[in-house]
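For the record, the sequence lines run as chains A and B. In terms of the working numbering, the first sequence opens at residue 1 and continues consecutively. In terms of the working numbering, the second sequence opens at residue 1 and continues consecutively.
Keep in mind that the hints were calculated from the coordinates and are not lab data. All residues carry an ideal CB built from backbone N, CA and C; glycine is no exception. Please note: incorrect hints may appear among the correct ones.
What the hints assert, rightly or not - Under the rule of at most 27 Å between Cα atoms (straight-line distance), these lysine-lysine pairs were calculated in the BS3-like manner: (1) K65/B / K41/A; (2) K21/B / K52/A; (3) K24/A / K65/B; (4) K52/B / K52/A; (5) K24/A / K52/B; (6) K41/A / K41/B; (7) K65/A / K52/A; (8) K13/A / K2/A; (9) K65/B / K28/A; (10) K65/A / K24/B.
Unchecked claim - Label-pair distances were calculated between CB atoms; the ranges are: (11) L66/B / N69/A: 45 to 55 Å; (12) A57/A / A22/B: 19 to 29 Å; (13) P50/A / Q70/B: 35 to 45 Å; (14) D51/A / E61/B: 39 to 49 Å.
Claimed, not checked - Output of the computed footprint for chain B on chain A, the stretches with three or more beta carbons under 8 Å from beta carbons of chain B: (15) 7-19; (16) 36-46; (17) 49-58; (18) 62-70.
There are 2 protein chains.
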Amino acid sequence: MKFRAEIDIMPQKAILDPQGKAVKSGLKNLGIEVEDVRIGKHITILLDAPDKNTAAARIDEACVKLLANQIMETFQYEIFEE
Amino acid sequence: MKFRAEIDIMPQKAILDPQGKAVKSGLKNLGIEVEDVRIGKHITILLDAPDKNTAAARIDEACVKLLANQIMETFQYEIFEE
Chain A
1 MKFRAEIDIM
11 PQKAILDPQG
21 KAVKSGLKNL
31 GIEVEDVRIG
41 KHITILLDAP
51 DKNTAAARID
61 EACVKLLANQ
71 IMETFQYEIF
81 EE
Chain B
1 MKFRAEIDIM
11 PQKAILDPQG
21 KAVKSGLKNL
31 GIEVEDVRIG
41 KHITILLDAP
51 DKNTAAARID
61 EACVKLLANQ
71 IMETFQYEIF
81 EE
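Sequences and hints are given; from them, build the entire structure.
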């Protein structure tokens, strides 16, 4: 079966996000006032797996071992059947 | 009212995604076989607005004017009441 994982990797709340701060001030210059901006990564992975649990386990492993730096980032994902 | 916008900005399907290709091959080296990887940005914005439609209009404007390069990227967002 084919699955699609939608993964968000965001900077931890305690970590400064200078890119977010820059975007916030850029938006202000455009007249769009916002309270806070946090910028991270969105990763879409397509994979084949026998079932949803196996797909989730594989995505979890990918996040822990390669995609997210858990010292500075948090990750969350959702798995969809394609 | 306070709203939270969760925005995904992804490379267009027709556009090559070398970062995604690199991650795919990195995952393969870890023994995790996947079919495709696409990498984009995830942006969380907190804002004050009188209602959800106004919040959505403001986020749409932010995406079009600053956050997404629509030649190469697509964006989608969801607005949540905080």
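Structure-based check of all given hints:
1. K65/B / K41/A: Roughly 20 Å separates the two Cα atoms, so the pair holds.
2. K21/B / K52/A: Judged against 27 Å, a Cα distance of about 24 Å means the pair holds.
3. K24/A / K65/B: Roughly 13 Å between the alpha carbons, so the hint for K24/A and K65/B holds.
4. K52/B / K52/A: Distance ~34 Å between K52/B and K52/A Cα, so the pair is violated.
5. K24/A / K52/B: Holds: K24/A and K52/B sit about 20 Å apart, inside 27 Å.
6. K41/A / K41/B: holds (4 Å)
7. K65/A / K52/A: holds (20 Å)
8. K13/A / K2/A: Violated. K13/A to K2/A sits at ~33 Å, over the 27 Å cutoff.
9. K65/B / K28/A: holds (12 Å)
10. K65/A / K24/B: holds (13 Å)
11. L66/B / N69/A: 45 to 55 Å: violated (27 Å)
12. A57/A / A22/B: 19 to 29 Å: Holds: the Cβ-Cβ distance is about 23 Å, inside 19 to 29 Å.
13. P50/A / Q70/B: 35 to 45 Å: holds (39 Å)
14. D51/A / E61/B: 39 to 49 Å: Hint holds: Cβ distance 42 Å, inside 39 to 49 Å.
15. 7-19: As far as the stretch 7-19 of chain A goes, the hint holds, because 3 residues have Cβ atoms under 8 Å from chain B.
16. 36-46: holds (count 11)
17. 49-58: Violated, because only 1 residues of the stretch 49-58 of chain A bring their Cβ atoms closer than 8 Å to Cβ atoms of chain B.
18. 62-70: Three-residue rule met by the stretch 62-70 of chain A, so holds; n is 4.
Going through the hint list in order, the structure does not satisfy hints 4, 8, 11, 17.
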